Each structure stands twice: as C-alpha cells, then as structure tokens.
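The chain contents come next:
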Amino acid sequence: MTQNGKISRREFLARSAKAGISIAAVAGAARLFYESDVQKMFSPPQVVSGLKDYSISPVTGQMMSIVSGSVRSQTVRKAVELLGGIDRFVKPGETVLLKPNIGFARPPRVCATSHPDIISEVTKLCYKAGAKKVFVTDNPINDPKSCFEISGISAAAQKNGAEVILPKADYFKPLSLPGGRLIKNQPVLYEPLKNIDKVIGIAVVKDHHRSGASMTMKNWYGLLGGGRNIFHQDINTIIVELAMLVRPTLVILDATQVMVSNGPTGGSVSDLKQTNIMIAGCDQVAVDSFGATLLNMKPADLPYLLKAEGLGLGTTNFESLKPIYAKG
Amino acid sequence: MPEIANHSRTQTIISYALIILLVLIAAAVGLKQQFYESFTSEPPDSTPAGNTENTILSDNLFGSDFTPAGQIETYNSANLYEKIDGKADLYLNNGFASLQCRRFSGKSVKDRWAEVYLYDMADGENAFAVYSLQKRSEGVPLDWAQFGYSTSDSAYAAAGKYYIEIFLSSEDDSLLASAKSAARKLVSAVSFGKTEIPILNLFPADNLVNDSFKFIRADAFGCSDLENIFTAEYKINGNSITAYLTKNRPADTYAKYYRFLLDNGANRLQNNLKLPDSGAVELFGTNEIFFSTNGFLAGVRGSTTIEDLHQTAVKLLKSLSEK
Numbered sequence: 001m002t003q004n005g006k007i008s009r010r011e012f013l014a015r016s017a018k019a020g021i022s023i024a025a026v027a028g029a030a031r032l033f034y035e036s037d038v039q040k041m042f043s044p045p046q047v048v049s050g051l052k053d054y055s056i057s058p059v060t061g062q063m064m065s066i067v068s069g070s071v072r073s074q075t076v077r078k079a080v081e082l083l084g085g086i087d088r089f090v091k092p093g094e095t096v097l098l099k100p101n102i103g104f105a106r107p108p109r110v111c112a113t114s115h116p117d118i119i120s121e122v123t124k125l126c127y128k129a130g131a132k133k134v135f136v137t138d139n140p141i142n143d144p145k146s147c148f149e150i151s152g153i154s155a156a157a158q159k160n161g162a163e164v165i166l167p168k169a170d171y172f173k174p175l176s177l178p179g180g181r182l183i184k185n186q187p188v189l190y191e192p193l194k195n196i197d198k199v200i201g202i203a204v205v206k207d208h209h210r211s212g213a214s215m216t217m218k219n220w221y222g223l224l225g226g227g228r229n230i231f232h233q234d235i236n237t238i239i240v241e242l243a244m245l246v247r248p249t250l251v252i253l254d255a256t257q258v259m260v261s262n263g264p265t266g267g268s269v270s271d272l273k274q275t276n277i278m279i280a281g282c283d284q285v286a287v288d289s290f291g292a293t294l295l296n297m298k299p300a301d302l303p304y305l306l307k308a309e310g311l312g313l314g315t316t317n318f319e320s321l322k323p324i325y326a327k328g
Numbered sequence: 001m002p003e004i005a006n007h008s009r010t011q012t013i014i015s016y017a018l019i020i021l022l023v024l025i026a027a028a029v030g031l032k033q034q035f036y037e038s039f040t041s042e043p044p045d046s047t048p049a050g051n052t053e054n055t056i057l058s059d060n061l062f063g064s065d066f067t068p069a070g071q072i073e074t075y076n077s078a079n080l081y082e083k084i085d086g087k088a089d090l091y092l093n094n095g096f097a098s099l100q101c102r103r104f105s106g107k108s109v110k111d112r113w114a115e116v117y118l119y120d121m122a123d124g125e126n127a128f129a130v131y132s133l134q135k136r137s138e139g140v141p142l143d144w145a146q147f148g149y150s151t152s153d154s155a156y157a158a159a160g161k162y163y164i165e166i167f168l169s170s171e172d173d174s175l176l177a178s179a180k181s182a183a184r185k186l187v188s189a190v191s192f193g194k195t196e197i198p199i200l201n202l203f204p205a206d207n208l209v210n211d212s213f214k215f216i217r218a219d220a221f222g223c224s225d226l227e228n229i230f231t232a233e234y235k236i237n238g239n240s241i242t243a244y245l246t247k248n249r250p251a252d253t254y255a256k257y258y259r260f261l262l263d264n265g266a267n268r269l270q271n272n273l274k275l276p277d278s279g280a281v282e283l284f285g286t287n288e289i290f291f292s293t294n295g296f297l298a299g300v301r302g303s304t305t306i307e308d309l310h311q312t313a314v315k316l317l318k319s320l321s322e323k
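One line per chain: the protein sequences are A and B, in this order. Under this note's numbering, read the first sequence as residues 1 to 328, first letter to last. Under this note's numbering, read the second sequence as residues 1 to 323, first letter to last.
Bound-form chain B, shown alone:
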C-alpha cells in the first residue's frame, strides 16, 4: 500500500508540474499575441545593419579638419529608394549591389560638410554605365582618374566596380579640393589599376571628344531592342556626332531597329556604305547611318550632313571589321 501511495504522490506532483507548464505556455502564447506585428505597421528601418565597420568609409577621408558625422548608412536593392527615391531605378537597372554613404563635417564649422556615396555596382561596366549616364556636361575631368570629374560643388568617379559621388555643402574651393583628395583616396582603395572596358577601344580616335563615352543598358534612343549600347561623341566640322555600338546582339536586331526608325517616321537616305546590312535615314532633322557587321550593331547619328556621318561610319566600320 505505501508503495501505491508513493506512486500517487509522484503522479500528483508530475500532474501539477505539467499543468503549470501548460499554463506557462498559454501565458507565453497570449503575451506574444499581444505584440503581434500588424500588416499595416510602419516600414522597416531604412538603415539595416551591415558589415560597415571595416569599409573605406570608416576612415576619415577628409583629413584632420573633418570628422565623420553619424554612422555609415548602408542600403541594398530592396531599400535603395529610401535614400534616393525615384533615382533608384537608374542603379537597379544597371546591376546595383549595395550603397554605403557617410557625411563628414568640419570640426570648426559644422555647416561645412561633404557626403560620400559609394555604390557597389557589381562590375566595372555597370559602374561605368551609371557614371556615364549622369555625367554633368560642365564637369571638369579629374586628371588622375580614368573616369572622373568634378563640378563646383561635387566630385564623381567610376573605379572598378564602384561608382563614387561626393556632394558638398557649398561651392567652396578648399572644400572641393578636399573632396577631390577624398575621391582619389577612395578610387585607389576600391580599385586596382585601370578598369578594362575593351569595347571602348573600338571607337575611332579621330575627332573623338575626350571622356565622352556613355553606356546605355536598355531602351537606347527610345528603341526597346537596343540594349547595352556604348556611345561616343565626335566633333566634325563643328558639328556633334554620336557614334554607337553594341555586341552580341540577336541577328535580327538590325532589322528591328530599321523597322523602329521607319515606323517612327524616318525617311530613307542614300547609303554609300558597301555593306549588306546597312542603312541611312533622316528622322526629325537627325541623320543616321547604321549597320551590322562582325557581330556588332553600330551607327552614327547627328544633326549634320550625311557626308560627315559617312566619314565617321567608315572609320567605325573599319575598326569593327578588324576585330
């Protein structure tokens, strides 16, 4: 009997323990539900944690007169718009990987500051694309940079897979000098040597406008079939000419582009290029010669005579034929 009584006591204790455990679980579930995250809650923090402590922006890029202001902000493709809103698409459409930015303020004058944006664009071609698409016409080239320029209140560069922007609080010569110096430090820290974009070497050197290359990822000249187009500017007889080319396009791209031009009101012109897939048109005062050769689609366009265009087209064709 005593043995039976002991069993009963043990069972009672275990039972009470189980009941207490169940009550605790129920209380925990209830408590958790009280803090249920509604679907209509505010958006997540715009500055998610990232591994930013060991980046180049941890350094004081602007020297001893400046101090980093605040934390390094990091953005990914999901929240880039929280920093640059409607401009995010430009980067997202060109292979954007991440953005880090940080402000550096003057130690003595807090209103004197610079904000650095370091875009990781995944590869050099992407970085060049966003650099070239935003290039300010008033920009003065940074003579030490492969791709870089400054304006009176900002500096820009593409280096390796990075695109760099530095914005200044004011048009201030000494601040701009600091920004250029910071840009140089950044460029040397994030890239190794020259960024190779071999296709740029295919543009003929004669009459080429220095540092005028652009890369258009999609919808070049309003045509959805023209993708990954590189362009360069030329000056001939005082007129501006744009040369363009793309490689590895589907075989029918030439025909599709020709159709696009005609559908948009282009008039055919006499074409003197001795090439089967080549054409010449006039559209709203702009003349254009375009052709397909050796895996490339290429052309020249501008508000100038067809003879001027032909001159550049022949050189471009020669360059592409040799490759």
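Here chain A stands alone, though its shape is the one from the complex:
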C-alpha cells in the first residue's frame, strides 16, 4: 500500500490473483457438485419384477364350480368343496392372502364390496386346512379404514382370526410387469403379497361404467397404488395386465346379488338383481366370462376377456372347462 492510500501494482496483482483463484475455486466446486439429473442424487427405488405365481396345478373337471343358493356361507363352501375341497388349495402351515373388493365405504347390503359372509367362511376354511395365518387386504378407493369397517369385512376377518392389513405408504413398492406396457415402475401393494404362499381373490359381479363389468380380474385393480385413475383411459389393458401379474390360487365370484346398474358404486338395493349364484374357479378368465352372462353380456362385450384369452391367461369358453353345477 502506498502512502497516499493507493495500492501498489504488486499488491494489485496479488489481490487480483487471489480473487481469481477464489472465483475459480468456487466455480470448480460448483461444477464438481453439479448434477443435471437430480434423481441421480437419490438411491433409485428397488423395482420389483412381477409377482410369484400363486396358482396350483390344474385338474381337469375341477376348474370351475357354479353353485346356486342365497346363503353365501353355504354356497361358497360348496363351491370350494366341488373343486376338490380347500385342502387342494391351502396346505398346512401356509399363509393365505384374501383379496376382496373393498373399494367403497358402503354397507354389504348394496353389494358394492365383497360380502363379509364370504370372508368369514373362506377364512374358516383356510384355518381348517391348517393355514398358519390368513390375511385380508385391499387398497380401497375411499378411506381404507371406513371401507373395511362399513363393508363389514374388518369385523368378519377379525372374528375368524384373519389379520386385516390396511394399506400404508411403505407397503407399496414400485413394480414392473415383465412384458407389461402399463405396469411399469408402478406402486403396487406389495408387502402383503411378498411372503405369502397363496392368494384367493374374492369379488362380486358389478356393472362398471368404464370397463363394462367388474369381477375377479378387475378386482386386482385394488392392488395398485399411486394415481391409478390414469389407467381408466386404457382400462382393458390394465385389467389384462393385472391378470398377468396376479396368478391366483383360487378366485371366488359372488353373484348372489348382482349390481346390474349404476356400478361400480351403486348405493341402493334398487341397483341389484337377485341371481343366487356363487362361482369358484382356478381360471379367472373363465369365471369372469360366466359372470358376464349374469349382466346379459357376452365375453365379446368385454374386450379385456378376449385380450386375456388371446394371451393364454384362460378361456372365455367356460363350458369347455366342464363347470360343476350344484345347489348350495
């Protein structure tokens, strides 16, 4: 520094050099820390690839049963018995997941949800076969707790020793279906399925404004998380992909009372038709093809059935399976 307060050339150069080095250091550090793809800064979530196959070996002549009667506990018991009994599906020590349709907070009498009497009866049957534990889960449209309670399914499950699994955020894992177009890195209610031995789908026959009908294949929609309404634009494909994803041990389709109009929510008994039929089967495409007839539809009226058949997921010609008809 000079006497008159001005800095010397040497000092000016030294300060400039220091400032330059500082700026270069900051810029270098910024470049070092810069990440153009912010998602790389986080460990990518582990994406599950498909689900295990829960199905059992097919037995000719015991693929599908159709039981008539108005008492659900009796008809479902009979329907399972006709397929060879619950012992064919559940072995001692196994864990079983029941997947009912509990989409809405509606009482059982309006049949917008699976009926609690079926949950009770199937739970009892599983334990009778020596199941280690029976679980019940679904990811409802409405508030889960209300849906499980108002549908009567919580009470039915708990009364018979089944554990209700309400969906929680950390139960969902990103999952991709091998060969799938829509189920890619999609949140799926995976935790309840992860270590389970057998899966039984329990659905109800309903008119569905978007897909035409909601039955056993559409019931797997309740395993999806996230903003799943985006799939409504391609409803037939998502139903088929869900049927590819979930190869159940058994499906049960309740048509004791069919929601013939204003589905899938319904809300009034005036939307129902008493048909007194219970269907059980190992081929969900066949079971749904029969269910369609109860809504005065043919498989051709439901594109997802034809697509599923084309992919070898089952047959729409349910009669070819020689279903066993009986009274409950």
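Simulated from the structure, these hints should not be mistaken for laboratory data. You may find that some hints are simply not true.
Said to hold, decoys possible - Subject to a maximum C-alpha distance of 30 Å in a straight line, what follows is the list of computed DSBU-like cross-link-like pairs (lysine-lysine):
#	chain 1	residue 1	chain 2	residue 2
1	B	K315	A	K298
2	B	K135	A	K298
3	A	K159	A	K145
4	A	K159	B	K110
5	A	K145	B	K274
6	A	K78	A	K52
7	B	K180	B	K214
8	A	K273	A	K124
9	A	K194	A	K124
10	A	K132	A	K78
11	B	K247	B	K315
12	B	K214	A	K298
13	B	K194	B	K315
14	A	K78	A	K91
15	A	K145	B	K247
16	B	K107	B	K194
17	A	K159	B	K107
18	A	K145	B	K194
19	B	K161	B	K194
20	A	K52	A	K18
21	A	K327	A	K52
22	B	K247	B	K194
23	B	K274	B	K135
24	B	K180	B	K256
25	A	K273	B	K247
26	A	K168	B	K110
27	B	K235	B	K185
28	A	K273	B	K180
29	B	K194	A	K273
30	A	K273	B	K235
31	A	K168	A	K145
32	A	K52	A	K184
33	A	K91	A	K327
34	A	K78	A	K133
35	A	K273	B	K135
36	A	K133	A	K173
To be verified - Here are some chain B residues the structure puts well away from chain A; computed CB gaps all over 12 Å:
#	residue
37	G70
38	N79
39	R136
40	S137
Everything numeric in this text was worked out from a predicted model, so none of it was measured. Glycine is no exception: its CB is placed at the ideal position from the N, C-alpha and C atoms.
Given chain A's structure and the hints, the job is docking chain B onto it.
The following block gives chain B in isolation, referenced to the frame of chain A:
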C-alpha cells in the same frame, strides 16, 4: 495508515459475513434437497381443501337426531375418481364442476347414517343428464320435486345445476323420511324455481310416461354421431316406445345415422312420413322411424308395430314443425 487499517477490518468483517451467508445458503439448499419429493411418491391427499365451510352441507340437514360425521369432502375433476372410481367418467363427460359430500350419523345409533352427495354440474342440462342416466326404474317420484325420486334406501334429485344423491345405511322408513326432507331442503337451497329445459316441452304429451325423460350427451344408441339426445318413453297399446330428438346438429347427421343403421344390419321399411329426410328401418327386432326437420334430428323406436311408431312420429314431427 489508521484509516487504511480501518478499511481492512471492515473489509474483513464484510468478507466473513458474506462467507457465513454463503455457508447458510449452501446448508439450506442441502437441507431442502434431503426432502426432495420423489416422482414415485404416493398420490396427493384425496380431500383437497376447499371453501366448504359456508355450504349447505354445513347445516344439519337431518335434524336434531343426527350430527354431521367428519368434514365436508370436496372433489374436483382431477380427483373425482378417488371418491367414485370408474363412475367418474359419467360425470366428467357431462360437465362436472365439483362434488361435495358429507355423512350424517344418528346421535343415539351411530350405525344409522346418511351420506349426501352434492354434484355441481355447471348447468341444469348437465345435472339433468346425470340424473336421468342413472334413474332407477323402481324409483318413486318425489311429488314436490321437478326431477326427483326415492328408492327404499336412497333419494335423488336434479335441481338447478346440482345433482343430489342421498344414500342410507339401511332400508329404514323413518331414515328415508329424513332423507326426503333433507333432499327437499337441499333442493330449495341450491335452486330457484323450475329448471328450464325447453326442449322437453317438444315431446308430445299423449301417452307420455311420466318422468321418463333422459338426456344422453354422446354415443346415443351406439352411434358416435348422435350427441345431446333427449329421449322420452311412451306407452302405446301396451308397448314401450322411445322417442328422441336433438337440435342444432350438423346437416349430415341424418345421413350419417341412416348409414350407421344400415351398416349394422338394419333393413329398410316402408316409410309413410311425408318428409324428404325421413326413413324407417328394422334392426334386431326393433323398428325405428327417424327424420330431420326444422334443425332437429328426431325419431321413435321400439319393439312394436311400425303403425304404433308412426302414430307417435307424426305427433313428434308436428310438434317440431311448429317450433
């Protein structure tokens, strides 16, 4: 010199302050990034905040024996599916604006409840569309309502731009009476006088089935060219006949619909309407006469004789010609 020393101290303080500020900014950025919202996160809350405190659902619509259970839920077109899933399209395709719903529970018996859905459909025609498309055949008309009915466990009404549904926990006469009363309060609160849908007056009154009007926004009778169709039911000689009409359609709608029918296997029938753009067909056991006049496309259809259909078609044509 002292002056220079003071300058240096000031500079040092400012420099340290700037460094501390930069460190704080860096820490804030780092902290913010720790809570970065992943793209795979769960969906947003299904009940976004809305201005619901001053709505009619804030009132206890069911009287002193009931109490509102929980908050008023509000839904918009982006999240309607979170309440009614696959049925959302029905509303979205008919001008849906918003939905409010609320449950009211019995004070003494909590299992005794009613759930009210108040759909804002933007205008009366839209509200009428969703009302008519879901109308339960077993419904008993609410005699005080322009458009309203009840079943054993629910009540429905269209009033002004609103469509109202009330679902009950059980088939209970006194609960249903409360629901009807609540529906009446709602209707009077959200609408003013009669909902005007002038086109309904064009349907001939003779043999018209009471409260049988419907409004189909798109794809009427499976034909993508038939939009905004109003229908009415008639009973003639014990047979049901559906009359339909739409206005302000493109000029070629008649020709397109005729082609649609023929492409789907319809057989031409003798047509006695003395009108250039008119035709008669038989398709899978259903006879139909249809015509274009005075800016309207209209017709009658049913599993009855062509003579019965002709009778209604002539009256409908007369009504439209006078307008």
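For each hint, the structure was consulted:
1. Using a Cα cut-off of 30 Å, the hinted pair B:K315 and A:K298 is violated, with the two alpha carbons roughly 38 Å apart.
2. Using a Cα cut-off of 30 Å, the hinted pair B:K135 and A:K298 holds, with the two alpha carbons roughly 25 Å apart.
3. Annotation: proposed proximity of A:K159 to A:K145 holds, straight-line Cα distance about 17 Å (limit 30 Å).
4. Our distance criterion of 30 Å between C-alpha atoms is met by A:K159 and B:K110, whose separation comes to about 21 Å.
5. With a C-alpha separation of about 64 Å, the suggested pairing of A:K145 with B:K274 is violated against the 30 Å cut-off.
6. Distance check on the hinted pair: A:K78 and A:K52 sit about 28 Å apart at the alpha-carbon level, within 30 Å; holds.
7. As the CA atoms of B:K180 and B:K214 are separated by approximately 22 Å, the hinted pair is consistent with the 30 Å bound.
8. Between A:K273 and A:K124 the CA atoms are separated by roughly 28 Å; this keeps the pair inside 30 Å, and the hint holds.
9. Only pairs whose Cα atoms come within 30 Å are accepted, and A:K194 paired with A:K124 is accepted, the gap being roughly 23 Å.
10. Proposed proximity of A:K132 and A:K78 is supported: the alpha carbons are some 23 Å apart, at most 30 Å.
11. Simply put, B:K247 and B:K315 have alpha-carbon atoms about 17 Å apart, close enough for the 30 Å limit, and the pair holds.
12. With a C-alpha separation of about 26 Å, the suggested pair B:K214 and A:K298 falls inside the 30 Å cut-off, and the hint holds.
13. This hinted pair checks out: B:K194 and B:K315 have alpha carbons roughly 26 Å apart, not beyond 30 Å.
14. Between the alpha carbons of A:K78 and A:K91 the distance comes to roughly 19 Å, so the proposed pair stays at or under 30 Å and holds.
15. For the hint linking A:K145 to B:K247, the alpha-carbon distance of about 48 Å lies beyond 30 Å, and the restraint is violated.
16. Taking the CA atoms of B:K107 and B:K194, the gap is near 35 Å; set against the 30 Å cutoff, the hint is violated.
17. Distance hint between A:K159 and B:K107 is fulfilled; the C-alpha atoms sit about 27 Å from each other, no more than 30 Å.
18. Of the supplied pair hints, the one linking A:K145 and B:K194 is violated, its CA atoms being roughly 41 Å apart against a limit of 30 Å.
19. For a cut-off of 30 Å, the pair hint linking B:K161 to B:K194 stands: about 11 Å separates their Cα positions.
20. For the suggested pair A:K52 and A:K18, the alpha carbons sit about 64 Å apart, so the restraint of at most 30 Å is broken.
21. In summary, the hint linking A:K327 to A:K52 is not supported, as the alpha carbons are separated by about 35 Å, beyond the 30 Å threshold.
22. Taking the CA atoms of B:K247 and B:K194, the gap is about 22 Å. The hint holds against a cut of 30 Å.
23. Between B:K274 and B:K135 the CA atoms are separated by roughly 36 Å; this puts the pair beyond 30 Å, and the hint is violated.
24. Note on B:K180 and B:K256: the hinted pairing is violated, with a Cα-Cα distance of about 44 Å set against a maximum of 30 Å.
25. For the proposed pair A:K273 and B:K247, the alpha carbon gap of about 37 Å is over 30 Å, so the pair is violated.
26. Note on A:K168 and B:K110: the hinted pairing holds, with a Cα-Cα distance of about 27 Å set against a maximum of 30 Å.
27. Taken as a hint, the B:K235 and B:K185 pair is broken in the structure, with Cα atoms around 34 Å apart against an allowance of 30 Å.
28. Of the supplied pair hints, the one linking A:K273 and B:K180 holds, its CA atoms being roughly 25 Å apart against a limit of 30 Å.
29. Between the alpha carbons of B:K194 and A:K273 the distance comes to roughly 35 Å, so the proposed pair goes past 30 Å and is violated.
30. As the CA atoms of A:K273 and B:K235 are separated by approximately 25 Å, the hinted pair is consistent with the 30 Å bound.
31. At most 30 Å may separate the alpha-carbon atoms for a hinted pair to count; A:K168 and A:K145 meet this at roughly 11 Å.
32. For the proposed pair A:K52 and A:K184, the alpha carbon gap of about 17 Å is at most 30 Å, so the pair holds.
33. For the hint linking A:K91 to A:K327, the alpha-carbon distance of about 27 Å falls within 30 Å, and the restraint holds.
34. Proximity of A:K78 to A:K133 is assessed by CA-CA distance (about 22 Å); at most 30 Å being required, the pair is judged to hold.
35. Of the supplied pair hints, the one linking A:K273 and B:K135 holds, its CA atoms being roughly 16 Å apart against a limit of 30 Å.
36. Restraint check: the Cα-Cα separation between A:K133 and A:K173 comes to about 23 Å, which is no more than 30 Å; the hinted pair holds.
37. The claim that B:G70 lies off the interface is violated: its Cβ sits roughly 9 Å from the closest Cβ of chain A, which falls inside the 12 Å cut-off.
38. Chain A draws B:N79 into its interface by the beta-carbon criterion, the shortest separation being 8 Å against a cut-off of 12 Å.
39. With a closest Cβ-Cβ approach of about 4 Å to chain A, B:R136 is found to fall inside the 12 Å limit, against its non-interface label.
40. Not every CB of chain A lies more than 12 Å from the CB of B:S137, the least distance being 8 Å, so the non-interface label is violated.
Violation of the numbered hints given earlier is confined to hints 1, 5, 15, 16, 18, 20, 21, 23, 24, 25, 27, 29, 37, 38, 39, 40; the remaining hints are satisfied by the structure.
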